[in-house]
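If you read the protein sequences in the order shown, they are chains A and B.
Residue 183 is where the first sequence starts when you use the numbering used here, and the numbers rise one by one after that.
Residue 12 is where the second sequence starts when you use the numbering used here, and the numbers rise one by one after that.
These are calculated hints, taken from the structure and not from any lab test.
Yeah, the Cβ is synthetic: ideal placement off N, Cα and C, and Gly gets one too.
Wrong hints could be hidden among the right ones.
In silico DSBU-like links for lysine-lysine, alpha-carbon gap of 30 angstroms or less [said to hold, decoys possible]:
| id | chain 1 | residue 1 | chain 2 | residue 2 |
| --- | --- | --- | --- | --- |
| 1 | B | Lys328 | A | Lys222 |
| 2 | B | Lys482 | B | Lys467 |
| 3 | B | Lys442 | A | Lys220 |
| 4 | B | Lys93 | A | Lys220 |
| 5 | B | Lys482 | B | Lys375 |
| 6 | B | Lys442 | B | Lys375 |
| 7 | B | Lys93 | B | Lys442 |
| 8 | A | Lys502 | B | Lys482 |
| 9 | B | Lys467 | B | Lys442 |
| 10 | A | Lys222 | B | Lys93 |
| 11 | A | Lys334 | A | Lys502 |
What follows is a list of derived Cβ distance ranges for each label pair [claimed, not checked]:
| id | chain 1 | residue 1 | chain 2 | residue 2 | range |
| --- | --- | --- | --- | --- | --- |
| 12 | A | Ala481 | B | Leu67 | 24 to 30 angstroms |
| 13 | A | Pro203 | B | Gly162 | 50 to 56 angstroms |
| 14 | A | Ala578 | B | Arg243 | 42 to 48 angstroms |
| 15 | B | Arg243 | A | Pro224 | 29 to 35 angstroms |
| 16 | A | Lys222 | B | Ala327 | 22 to 28 angstroms |
| 17 | A | Ser625 | B | Ala50 | 24 to 30 angstroms |
| 18 | B | Asp267 | A | Ala481 | 47 to 53 angstroms |
| 19 | A | Glu190 | B | Leu426 | 35 to 41 angstroms |
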Amino acid sequence: MTYVPHTEHETREMLDAIGVPRVDDLFADVPAGVRFPKLKLPPPSSEMEIMAEMQALAARNCVDPSLSFLGAGAYHHFRPAVVDYVLRRGEFYTSYTQYQPETSQGMLQALFEYQSMICRLTGMEVSNASHYNGATALAEAVLLALNAAQGKRSKIVISPAVHPQYRAVVRTYLRATHATTVTGDEDGRSDLDQLRRLLDGETAALVIQNPNFFGQCEPVDGLAEAVHRAGALLVVVTDPIALGLLRPPGAYGADVVVADGQCLGIPPSFGGPHLGVFASRREHVRRLSGHLVGETVDAEGRRGYVLTLATREQHIRRAKATSNICTNAAACALAAAAYLATMGKQGLRGVAELCFHKSHHAAAEIGRLAGFTVNPQAPSRPFFKEFVVRLPRPPAEVNRILRVQHGIIGGYDLGGDFPHLANHMLLAVTELNTRAAIDRLVSALSRIAA
Amino acid sequence: MSAVTIPTVYELSVPGRHGIDLPEPDVPPAPLPAGELRADCALPELSQVDVVRHYLALSQRNFGVDAGFYPLGSCTMKFNPKENEEIARIAGFAETHPLQEPETVQGNLAVMFALQQWLAEIGGFAAVSLQPAAGAHGEFTGLLMMRAYHGERGEATRTRILIPDSAHGTNPASTTMAGFTAVEVPSDARGNLDLEAVRAACDDTVAGIMMTNPNTLGLFEEHVEEVVRLVRGCGGLVYGDGANLNAIAGIVRPGDLGFDVMHYNLHKTFSTPHGGGGPGSGPVGVSARLADFLPGPLVAAAPDAEASRYVVAMPAKSIGRVSTFYGNFGMLVRAYAYIKRHGAAGLRANSEHAVLNANYLRVKLRDAYTVPFDRINMHEFVCRGAVEGTGVRALDVAKRLLDYGFHPPTNYFPLIVPEALMIEPTETESKPTLDAFVIAMRAIAEEARTNPALVKGAPHETPVRRLDEVKAARELVLSDRAKPQPG
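Same shape as in the complex, but just chain B (with noise of 0.2 angstroms):
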């Protein structure tokens, strides 16, 4: 790839150009109300081919799931099917508007409602809002509701959250803004939330648990059912991060396990493209007894056949509005479209897939990385990148695998394994992927030991090398005419 330096958009900007021709006003032009404009709107001039080659050149240093590897664990980085993105865009879902009458959007409702029942199913929940825009957007949501639920009951006294100290920072973070307080939960030697920590943290100021299962270490909680049966024994509830539903759906749905709510990422298991970071999707899904606290508006079938057959409702003691109009529903599209082709036995299959290519990698692996917890594990598990007595360090094999053209896992996390990289192959790649994987990773394992400086050095095939991350918060150089200064 070139290493020279793309020039921004402002750097391009000539003035005059111009990037678009737009039709001449068909109506008499209004006076302009002189005291509301502004002069200039400062925006850069460039040519239509400028642009399309601004953007390709920028595409090209950018590495996706299209291009390769990106075993990025708890994010299920998995093949993103090329239907779903005609069909998002299909003029009829794209350009239709929230604010049509119901009557207006009937095809739109259809797909909501279909989805809402499925995603119920798949988790084993009573209800199902489609409204949040991503995962910890959901745990918001579903915190907000079993604050709801506790309030309602007399019980707001319930100010607790226990959380497993393998957890998302998503957890501890929406918790706060929910306004409980995060209590940690240690694991055990077996990589499961520590049994007797649970049983001792439980009284009647805990509102629930948040649990991840698997967890983070990619591990299928030994005592789920006992973990479960202490909250809810405590009066707390049990919520589910659905982040690594990715292993289990189609094998256990949490509901059956006892879970009160979780959230579903589409972008992850239903393959809604991450998109550099979003829009996501974060659906949550509940159990009886917190269905009517669910953020809305849902829709819901008309109860007579005569009126149009899908309406929208708030539930009943709903908790309000979490996003404007119905959340995301372009990935929703989406992930209607995902699950249909795959029906039951589909999912099941990526599940069952996932789990296997995950176990291949550890087992591949563990002589050449200690892997702290090496037991059969879901669809990740988690290894110690450091090379032992060789300065060699999880941040440096992660920068090395992107010279053999993979996407490094994500690397320090969870926080209780030092050196952490946490593999997540998913269910799309073939095994002679992961075998080329095992591959790069044992060389590097090799460098480390016979070059250590050029993995300490990695990246060598990157546009950049490493990058000054200190610089760049002392200086917060965060658009392009910020001139650095003391931040």
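In isolation and in its complexed conformation, chain A is listed as follows (with noise of 0.2 angstroms):
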């Protein structure tokens, strides 16, 4: 099957037009020695069977995201049904870039909306039209410091509370300049007092996550000005969900925030697509990869929208772009518009104490059982939604029972990225996980000591 129209008769027509007799002929520049392969595919199902296909595919996943206490980077938040109301409509998602405004007037007010928005949320002044997701943001806010060093500081201090594959993403950005990352002592164990001693002449950005990989809030009093004192730039990796309760990066002088927005009406889709957020100060705003969109007049002195700064990008300065960036993540970002729109402020502040009071109850509760320690490694730190138990058995164990003889989808091991983590996991408590599958994790963690 396929989606072409043309009947026998339109396209004998079109060829006579052309002017050559069969569409073989159309492909005569083709090198006669490989033209026109044997292609071994599959043979083409209906529309009926590729259903059920997909069905059966997906049916061979588990999938329950109330009993799902997995997260570290990709989380199973509540979405309102509004937000996929939005993305459905075939003007927006069946569109492509706003290269002509006139035509493109929604999804530019949208994408405006949407920089407004991050921009309140996050604390910071501009916001550009999304990213990839949160690893590819804060790979860009890396370039961006590394250029705003004007190529005099090559040192990118990024604390190993930072999600580990964010970390690897950045690594791999870097490989081809001539900057490097510390992270402190070899196992990740350094502390923010050990990483401001890293920072030095050489240091173009330090990158920290907040709340943290394990789900705590960093101590970030004075941190900026330690980092601004140094002439580099502070980039914080947050979760936008957080921000509905906790302060901004803003507010404690980052210059850039990045985050994976997926959180914000997005499913977690094994992983992608999600929504890459990227904000930062204004002074910024002509080292900013991606686009923009900005506020303008049309010819009538009506208000309108255009992608703008566009001389910072691959199309028009080529080899001196900013980035390669071209096609980002529009439409997830469209969502998250709806979605922060529909949840609005007291929403939004509502889901983030929901996660804080529920994952603060499993913690408790996880706490009292015998052979548990919860966050063993900094007993006292606020935490959002996310938190780290020692195990009296490993995680991998741990976790085929609960899958196996309770049908819970248990926490993130540890030990694979953090050494000095061996049979600790990190879990994750959001506002689908009601009382009652909490209770239902304990229970089954208690007898998997006993």
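Hints in hand, dock the two standalone chains.
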């Protein structure tokens, strides 16, 4: 099956107009020896068959968001029906980048409003119209910091409490530059005090995550001042849901704020597509990568929106562009905008509080179990919706029992990324986890220990 | 369409309104950490009806393929199958968490494993990574692999990438990001790469060439085999920009032509929607000598039947991760379904009809607009949009097309054709649609002669008229509370 509408008669008329006898004649420039290969692909399916096949494939996955306690960079949150209603508008999702603003005002205004809401949420002055995901947004933030230092600084101090995969993506992006990342001691225990001591005249940026990868609030007071004294930028990776409740990075001096916006109305979808949130202080606007939507007026003085500062971008600046990014994650930014507009000031705070209370309840209950310790690395530090648990048995074993015997998807095994955290797992609790689900987890863990 | 300005969400906001109700906490509240709190997250306050009507009104000011013909060159704005939107939303896919154990996501891994194989088969490559999130991301990935390959062979002195002057802007931008120097190679009088210029540029400092084939003029490189021979002969690698794969899927495999690496734009050739500018997906295929450098994890079939059927693994000399998790899985599911719906014959038929449609438009328009390279083209072609002797430029023709209900072609690209209009109809457009577009284009050429002010003042029928881009860049109002200030 194809979606080609032509009848044989129409195809004939068109070939006649072109002046070639057969469709194959249109491909005479293709070297004959490799033309028209026999592709080994499965035979075509009807719509009915493909729907059944995909349902069957999906059924081979284990899925139950209310009984999942897995977070670590992708989260199960409630998504109001309004969000998908907006996403399904064909006018939006079958359009492309807004190079013709007169016929793209809808998407442009939605993205402008997205930028506006992200600025307020993060406490920053400018936001771009999206990056691919949180990790690539961080990589672009690091490139911005190197660019701001005009190539004179080559050290990026990055906290080991930044998501390990984000750190990996940054390392990949820096492969082709003169810059390197340092995370303090090898085993990833460095805290902010130790990282502050690494700041020097070579440092282009300090990157922290707050709440950090382990869910905890970092002691950020005075941090920005120290970073700025060293002539570097403070880059903060954050959780947009947490910003419904917790003070925004702009309030404690961040220069660039990035986040994965999947939590804002986008399904986890096995890790993508997600949304790269990217916001900064205004002084960096010309170093920003990605599209920016700006307000202007039309020939009759009416308000309208356009993509602006295109002179930074690859289609104008080519080899001198701030980034190669072209296609970004516009539909995901649209989802986040619809989510934030629907939740509003009170709704986002409400979701954040539910995450806070439920995760604290779960942590308290698990902490009471013999053999389990919650947040052993920093027991008194505030946390938001994730926490670390030291287990009496290996996490892989615990997760297997949780799944097979209790239908629960357990936490993230920290031992792989952090050798000193073998036998520790990271649990996430959101508004979707009911008290009953939490109780089921706690009771299952108590039996596992016994 | 209404010409009334639509208020922003902040202008619609009324203190105390809310759009959502949440359940009461079913756990005892924990004390909030006083020192860490913010007073107000400063989001707007709207009712749910406000939100729905707002976005509906915005959607009515946006043009997509579902609304009409969208011949945006090099973007492949084809019909997006509706079943794919249902498929990607099946809870068994959409609600899976990327850090679940492989044995709990065998369905996802089966989709990815098959897609890796099918894309490799379509492109003629040894292996594919699905991780890059867009075409430009795939380019960057491919170039990092080329860098790693040369580095491992002790040839880190290969620092130059040859790039045709007709290339997409992402090519030189990606080249710079990957630490190489872009060297521009001119095109010849027939729109091919200038073979003598390629020959002269090939030496032991060349890391490779980035070729788009068919190129952005919509022409299949007549000397492609010779270019590949020259570049490989001097020790370079050949990168293929897969943005134009919709002309040749099922027609020729870039791997068979000697390409070492290519990205696929799943949102183009395989019709995962463009989403208003993403999310896309840009998997990378490579020849055997680059396979070990792919970013991971990749999906592999388990060697022993006792274990789960599919496992994930990092290639031996991987350049590392270019993205978190597995890339844009939601797009991979759609591409899987699209390929499975079509089969080999369907993919070939798509390319054939994409090329048929583009050639038909070329012959129907060439007496109204100059076609600088007037020969059999592939899935797109380039004409000059300026109407001679009238002062009407390509931009004016593009804007006037909006009044006729069409999305304009790509304009002012490729850079080597002045006043370029780059027209890509795709295979899903019918002959009546193409004929209507031809009538509109010819009518605009006629208007340019009889009433040029009408064309130069276009559009007239859109919700806003031409927008002041200079003011936007000078004042830089990027959020609704930013006050204009010198930029």
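Status of each hint after checking the structure:
1. Lys328/B <-> Lys222/A: 29 angstroms, holds
2. Lys482/B <-> Lys467/B: Cα-Cα ~20 angstroms, so holds.
3. Lys442/B <-> Lys220/A: Holds, at roughly 29 angstroms.
4. Lys93/B <-> Lys220/A: 29 angstroms, holds
5. Lys482/B <-> Lys375/B: Outside the cut-off at roughly 39 angstroms; violated.
6. Lys442/B <-> Lys375/B: 12 angstroms, holds
7. Lys93/B <-> Lys442/B: This hinted pair holds, its Cα atoms lying about 22 angstroms apart.
8. Lys502/A <-> Lys482/B: Distance of about 24 angstroms is within 30 angstroms: holds.
9. Lys467/B <-> Lys442/B: 29 angstroms, holds
10. Lys222/A <-> Lys93/B: 26 angstroms, holds
11. Lys334/A <-> Lys502/A: This hinted pair holds, its Cα atoms lying about 18 angstroms apart.
12. Ala481/A <-> Leu67/B: 24 to 30 angstroms: Holds, at about 26 angstroms.
13. Pro203/A <-> Gly162/B: 50 to 56 angstroms: About 51 angstroms separates the Cβ atoms of Pro203/A and Gly162/B, which means 50 to 56 angstroms holds.
14. Ala578/A <-> Arg243/B: 42 to 48 angstroms: Holds - the Cβ-Cβ distance for Ala578/A and Arg243/B, about 46 angstroms, lies within 42 to 48 angstroms.
15. Arg243/B <-> Pro224/A: 29 to 35 angstroms: At roughly 33 angstroms between Cβ atoms, Pro224/A and Arg243/B fall inside 29 to 35 angstroms, so the hint holds.
16. Lys222/A <-> Ala327/B: 22 to 28 angstroms: Between Lys222/A and Ala327/B, where Cβ atoms are some 26 angstroms apart, the hint holds.
17. Ser625/A <-> Ala50/B: 24 to 30 angstroms: Given about 39 angstroms between the Cβ atoms, the range is violated.
18. Asp267/B <-> Ala481/A: 47 to 53 angstroms: With a Cβ separation near 52 angstroms, Asp267/B and Ala481/A satisfy 47 to 53 angstroms, so the hint holds.
19. Glu190/A <-> Leu426/B: 35 to 41 angstroms: Since the Cβ atoms of Glu190/A and Leu426/B sit about 40 angstroms apart, the hinted range of 35 to 41 angstroms holds.
In terms of the numbered hints stated before, the structure departs from hints 5 and 17, listed from lowest to highest.
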